[in-house]
Amino acid sequence: MNALHAAHAILLLGVIACLLPLRNAQRALAGVATQLLATLLVLYVALPVALGGAPLEGELAWAYPVGTLKIRLDALGAFFLCWSLPMTLLGSVYAVGYLRRFYKSDRHVGVHHALLNMTSVAFLVVYTADHALIFLLGWEIAALAAWLLVIWDYPNQKVRFAGFNYLVSTHIGLMFLVAAFMILYTHAGSWELGQFGDWLRTHPGAERNLVFVLLVISFALKSAFFPFHSWLPRAHAAAPAHVSALMSGVIHKAGLYALVRFLLLMGRPDEWMGWALIGFSLLSAVIGALYTVGQRDLKRLLGYSSTENVGIAGIGIGVGCLGLAWGNGALVILGFAGGLLHVLNHAFFKCQLFYAAGSVYQATHTVDMERLGGLARLMPWTAMAFLIGGVAISALPPLNGFTSEFVIYSSLFGNQALAPWARVALVGTAAGLAFVGAVSALSITRAFGVVFLGSPRDPKVAHAREVSRWMLVPTLMHAAGVIVLGLVPVLGLALVERSAYLAVAAVPDVEPVATQTLRSLADSLTRVGLISAALALAIGLIWWLRTRFTAGGGRHADQSRTWGCGYAATNPRMQYTGSGFSWDFSLRFRGVMSLLRREQKPLGYFPAESHLATQCVDAVEQRLFTVIRHGDRSASGFSQRLREDDPRIAFAGALVAVLVIVALILMREGSLP
Amino acid sequence: MNARLAILLCAHVAITLLMPVLMVGLINRTKAWWGGRKGPRLLQSGWDLLRLLGKRPVVSTVSTPLFRAGPWVVLSASLLAAQIAPLLGPLAPLQFPHDFVALAYLLGFARLFLMLSAMDVGSSFEGMGSAREASFTAYIEPALFLLVGSALIGTGQTSFAGLLGHWHASSNFVWLAAPAVLVLLVLLQAEAARVPVDDPATHLELTMIHEVMILDHSGPELAAMQSGAAVKMTLYAGLIAAMVNPFDPLTHPVQAIAVTLLIVSLVAVVIGCIESLLARLRMRSVPNYLLLASGLAALCLLAAGQLEMIG
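Those sequence lines, one after another, are chains E and S.
For the first sequence, counting from 1, position 219 maps to 219 in the numbering used here; every step adds exactly one.
For the second sequence, counting from 1, position 185 maps to 185 in the numbering used here; every step adds exactly one.
Read the hints as simulated data drawn from the structure, not as lab findings.
Keep in mind that the hints are not guaranteed to be accurate.
Listed next, with one range per pair, are the computed distances between beta-carbon atoms [to be verified]:
no. : chain 1 : residue 1 : chain 2 : residue 2 : range
1   : S       : Leu206    : E       : Asp368    : 24 to 30 Å
2   : S       : Leu17     : E       : Asp368    : 45 to 51 Å
3   : E       : Ala206    : S       : Asn288    : 41 to 47 Å
4   : E       : Leu144    : S       : Gly156    : 51 to 57 Å
5   : S       : Asn288    : E       : Ser610    : 43 to 49 Å
From a predicted model like this one, the values you see are computed outputs, not experimental measurements.
Note that the Cβ used here is the ideal one computed from N, Cα and C, for glycine as well.
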């Protein structure tokens, strides 16, 4: 526990050091160094707990209105800490490379690093809080730090708009959370999460359902589930790359942490909660995946794929929730382990993809796909990192995305103990997941193919160069993690299995089943790892055979122009575009996506002007503003029809007021005895 | 018993390596017969592959190493997937719970590299082909999982070989066998780029899917791409064979292998007949065709659930 307090102190000292009147490089160094120290301390404490050690507990004495604050680090919190802090550290290292060009300017880079440190502090607070107020405190630090990090480029009006959009959304989420906590406090009579849990476990019913719904909405806003994601594409497109990476990969995982935490507190949730979570998550996954297909902006695309991936993790958590409701140990273990493993894997490959996208932006000053192209030859390391991340995010072997989806699939398939209709529903969910996988493979092919392959579509892009090592090293470290977790998936399982066991504890007499399930799961995952290794080996072997025994096997092959159907003198702008790649597919789903198309076709014998612009905008956001506009119109229309000097309206208003007061008094009387 | 198992596994590997050549030959002979021609030798495609292996490749000036590595990735991933697929009934060299997920995603991995190595040359034609391949697979991808789910509810097995090989012993097989074969056939047509989804013999780049993606590949790389597609075709034909094969390979090895070879050849002949008698669908109707197959698989699943509830 002392090590955790020390980590807090070091991070806060780092914040102060970052704000001192030093040179920018020194401030950044202070930030990164303190992050490194704190990360090592936290790993030293949290790793043993995550791997099965005893939970740590501690207390902080605080002044009167708050009282003693309980801190508790159990396997679930330790699991989240184990990767959140190291990844924030890598993000800070990347920030050095990303912001280096501002060092000589009069921008205060220290503030940015201080905020990154505050993000780490927020993780420490949220993942160890056993007290609702502390939890809210950490939650709010994370939200504000993220907002300030997003608006780094604040002179740009779009960035400010995106920032405020995020700030408003996250605080709407906070209101739901506070409402839920207020209900819980009135019943539990304490702010301790353990007491909340006691009430939740023993009082199933309408009020618990209300609390569940409030909590889910709040956490969904935090983790950007559909339809609460409308802030996300804007914020991710506006923020610096490492901030997008940390928000998508790490900070917003706090929503899923809180979801799992409250499910654990609830002990045995109702069946409908599990189904609701699964349905809601599948919807997020499908819609998120469909939206990735239509995007032109590389970072917006990655933003939508967060919605997709939290959906996939949510499916696992929903299955675990069903397992808790039915008292089915195998489902609990598979569901929670799959969901949490996907959270970990997503953090690895999503940060990597955002870093690669940030490198593209740094080198070319644009993330608009239709201007890029041919970057694989100009920036080979970044291209490799993006490809590895892309294969992982499409859940393909031999990388880590596949392992967690494999666990989620095995939770959806094959449980003999369930009713036939439940099995049909779960298999249907699996088919939905398969669709999501295929769609995300489509969108990654599109993104990688258009941005990195072919030739540059804009002459300015042709001068791009590989980015600095400060940016490459964090990216490639994430790539290494993705590969290792793909080839040795039991490592990831070892990190999450204790957290999944926490859930099993709520159900009586399923410990043996759970242990057995876990063992066979570890067995399957080992085989998955072997298959992945076999795939890598087979590719290597066949490639060796090819270079050894066939003609032209050496490095030199004859070169020629790409086949252009006899029309070879083409302009690079005539390559297939990203919008062209996805237009037919998107059109089929225009019911859920709003596709805008403005065109002027070439007319007449000597066509003069023609243009075509297509855009895929967020339907939820568009709808939101339409509803607001309609509401505004009808409200103003209504108030125009009312006449202030009409006595009838005054009488009616007074009558209503009297009735309300009388009703309130009567209700109060009724509840007194 | 162990020697027998080893021989069976060797037979499986041999089928995945050699049967693709024979299947392509059978399809071509069938098409030639319908056309009133004599047609090429049965093993002609094998000779073609050998000839391609001896040629020096020509690569585009805009391509990256991915362009030349892609075909070999496609071939290795497809061959590895074929070792998970049961061909001889309830038996496969690589077998573990929920291995069908690995099979589907290995094929997905192969497809990703097929599409990327096509896009590497920066040609609009190949971009168009990749876009079609990617979106058409999305429509058909759920079908395999829905089918597996129906078999799984019937048999209670969790490995692909187990649930497909033992499906014929389950009570719902009578009802679901015909639609399942149909779905697998459509999957084959989509994955191996056959008529009516795609026409391997077409000569217009604008109407191709698979062929346009390998337009710039030549020499050994072209051989790898072609054999990869043939392996995928054999894999799906083998799934049909394993599903309806009544012999248990461990007790009746010779019969099981013979029946599998027969059914795979029969599938090749059926494909040849379809290709001779039908034109390919218009590009905009292909998604509907694939969605119909996915819908049929979904109906299979619902029926399996209903039958389980009654039975």
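Open item on the list: I want to verify a distance hint. Is the separation of the beta carbons of Ala206 (chain E) and Asn288 (chain S) within 41 to 47 Å?
Closed with: 46 Å, holds
Open item on the list: 24 to 30 Å was suggested as the range; check whether the CB atoms of Leu206 (chain S) and Asp368 (chain E) agree with it.
Closed with: 27 Å Cβ-Cβ, so the 24 to 30 Å window holds.
Open item on the list: A range of 51 to 57 Å was offered for this pair. Does it hold for the Cβ distance of Leu144 (chain E) and Gly156 (chain S)?
Closed with: Since the Cβ atoms of Leu144 (chain E) and Gly156 (chain S) sit about 53 Å apart, the hinted range of 51 to 57 Å holds.
- [ ] Go ahead and decide if the range 43 to 49 Å is satisfied by the Cβ distance of Asn288 (chain S) to Ser610 (chain E).
- [x] Violated, at about 31 Å.
Open item on the list: Please check whether Leu17 (chain S) and Asp368 (chain E) have a Cβ separation lying inside 45 to 51 Å.
Closed with: 46 Å, holds
The structure shown violates just one earlier hint, number 5.
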